[in-house]
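**Q** So you can see what is in the structure, the chains are spelled out below.
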Amino acid sequence: MSLSNLIQNWDSFRKRRPYEDQYKDAPYKWAMVIDLDSCIGCNACTVACYAENNLAVVGKERFGKGQAMHWIRIERYWGEGEALETEFPERGAQYLPMLCQQCEAAPCEPVCPVGATHHSPDGLNTQVYNRCVGSRYCSANCPYKVRYFNWWNYPERAWPNPLELQLNPDVTVRSKGVMEKCTFCMQRLRAGQDKAKTAGRLLADGEVLTACAQACPTSAITFGNLADKNSKVARMWKNQQVDLAKNAQDKSEEGVRGYRILEDLNTYPSIVYLERLRNFAA
Amino acid sequence: MSHNVHGHPQMDVQVERKFVPKVKDLGPDVNWAQINKDVLRSLEKPRPVFWIIFFSALALFSFGVYCEVYQYQNGMGVADLNNPQVWGLYIATFIFWIGMGHSGTLLSALLHIIHADWRKPIYRYSEAMTTFTLLTAALFVMVHMGRLWEFYYVVAYPNERWTWPNFTSPLVWDATAIGTYLTSSLLFLYMGMIPDLAICRDNAKGARRALYKFLSLGWQGTDRQWGNFKVAYMTMACFLMPLAVSVHSIVSTDFAVSQNPGWHVTSFPPYFVLGALYSGCSGIITLFIVLRYVFRFEAYMTQPILNKLIKMTFAIAMVWTYLDLIEYATTWYGSDEVAKADLLYRATGDYALQFWGMIFCAMVMPFTLLIRYVRHNYTVLLIISLILNVGMWLERFQIITPTFAKSHYPWTWTAGWWPSWVQWGIVAGSFGWFTMLFMLYCKIFPSVSMYEVKEMVHEQNLEGKAMAHANPESEQAPVGLLEGGQA
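Respectively, the protein sequence lines represent chains H and B. When you line the first sequence up against numbering that gives the first Met the number 0, it's residues 0 to 281, in that order. When you line the second sequence up against numbering that gives the first Met the number 0, it's residues 0 to 486, in that order.
Next up, chain H with everything else stripped away, as it sits in the complex (with noise of 0.2 Å):
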């Protein structure tokens, strides 16, 4: 943020976000809807995010140990009551996959001493590498423990020679001591806006996916551009009642099922879960 550019958008520093269309004139606004009926937990998204983002590979004794680099993880929860009685191989078992919720008004962007992390006009939460000081400060905010801090110089341990050549060029490798977390596969995202907008024209719908949408099995992963009023995105959220701007939803229509991660934070996520249908009497 330079001073030059503080004076001039001031108007816009001084909003509170997110505000009602706020994304109306802007090309672009990326969000996802993740339908938990869909999600059979296989872990595709997490093994595509891992090759996509050279994310490390940190072995069984530091994961255990909590120091996992996973952008995307499947969060497994068990049922109660009725739902433990269930068949095998189900038994009551939930899935989530938990990634970076891309928060309209993130906790950890204000936080960051050095601003590292900061919210791009498409509405993402950037993570700026070379100018994270490590300070864990964003992690510590972060509700949802979305953010992976680089404990160990992952780039000598992960990919020793020569598994170097397996890494995405298009992608940074991180160093030791740099928070790092999911981007919306950011290469992916601007290799295609830049090829968009050589040919003077927007992004299509479905163009540009990230990596775990992609690699879905079931489909659960619905990406797209919430600025696009045509988009599939645009189209469930608008179907699930789940507005951006708004931190909660009016469930009491049959068949609403979208609801956004600890909302009543008021982080105003860019992900919108589809809650998972269950009819016990079949």
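Watch out, some of these pointers could steer you wrong.
Claimed, not checked - Pairwise CB distance ranges (calculated):
| id | chain 1 | residue 1 | chain 2 | residue 2 | range |
| --- | --- | --- | --- | --- | --- |
| 1 | B | 61 | H | 50 | 43 to 49 Å |
| 2 | H | 274 | B | 61 | 55 to 61 Å |
| 3 | H | 159 | B | 378 | 54 to 60 Å |
| 4 | H | 2 | B | 43 | 51 to 57 Å |
Derived from the structure by calculation, the hints contain no laboratory data. By construction, the Cβ of each residue, glycine as well, lies at the ideal position given by its N, Cα and C atoms.
With chain H's structure known, arrange chain B on it following the hints.
**A** Structure of chain B alone, referenced to chain H:
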């Protein structure tokens, strides 16, 4: 009934005027020459235990340095920090050290402003304690950083890209506040030392003389110099007092501004400031007893002064206890279910031992200060003052760790996280670093303010004379004012 010049009614009855003998802070046999002699002796030959303390501290510090180098080389992972537990002991101990510093300012600045003269023999080392605890705290900011080599990004320095630190971040407020506080308390410490440095200069030889000569800035003790000195010192004291209050308030915003359960509390700033004064006061008691023994300051660090210090500590401890209970009460009766669950987890969960240890050490133990035997037995008092500070350290620990262990999001709940030996080593090293610096300071600079103790003796003697004049058969005979001494 007649009226005096002010128009107040005055009784005709002759009232017998009698001074109530005041407890004197210093003994009757302290004279000016003796003060110089005693304090200057502390720069030369301390008891052998000085070297034991110094070298133990050096050893601890060396171990801390080893741990830090190990962590620097391998990454923060060696500290066994993980995804929810991102801060660990480093931030807890950081708050502890920042807090320790505050009482030094209280003693040197606030009590100076309100003319509480009993502070005079003990404020110098308290102010030195402030400076060195701040240096130690600043160390922890560095130790905790993932990329220590980029620490200057947090400071607003001019650069060609016009990048600024993020002024909305409490960590930037922290860096600014601590930087300001460290600078001003260092200045304040130095400024108050100038007349004493001149005395050292006049008595030293060789390299030390050169050092004191340089540092005493040509102090001659002229009227003009004293006048300017008093004004400057008072101004600095007035500047420092609100600063000290603001610094720990700002440190508390690191937590109060965030959304984590147990941190998101409005009462945190006063709670932190009081906690800081509390741990600082018990730190001053500890050092009082240590210095008194090591440097043979028995004549200056007397029981009446210690009593006052203990009274102050007890009062502050009670206010702190009240604020702590208030915090629990507001959480308990509040509507934030997560914060309530966090409070219950603190008291009954994996860190219950630390929680109840904190309650015992910091809330129950101060009541022992009410016992006369404790106040007068220095060994017992030393142990109790250390226990109080253990309690305050545990308080910081149980602010940080349980909140991370059980935050908003259930998936990251961790049971029984415990810091690795690297963290403990660095924490131990910080105690070594502080003790080492402090002991070095006391060996090189006068840790009892000579000129102010002289002022004190002078005032006591005037009081004694007035008393003797008004009440000739008083036992408090005046002491020779200038008995063989010079300023």
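**Q** If a hint holds in the structure, say so; if it does not, say that too.
**A** Evaluation of the provided hints:
1. At about 45 Å, the CB distance of residue 61 of chain B to residue 50 of chain H agrees with the hint of 43 to 49 Å.
2. Taken as a hint, the range 55 to 61 Å holds for the pair residue 274 of chain H and residue 61 of chain B, whose Cβ atoms sit roughly 58 Å apart.
3. Remark: the range hint 54 to 60 Å for residue 159 of chain H to residue 378 of chain B is upheld by a beta-carbon distance near 59 Å.
4. For residue 2 of chain H paired with residue 43 of chain B, a C-beta distance near 55 Å keeps the hint of 51 to 57 Å intact.
When held up to the earlier numbered hints, the structure conflicts with none and fits them all.
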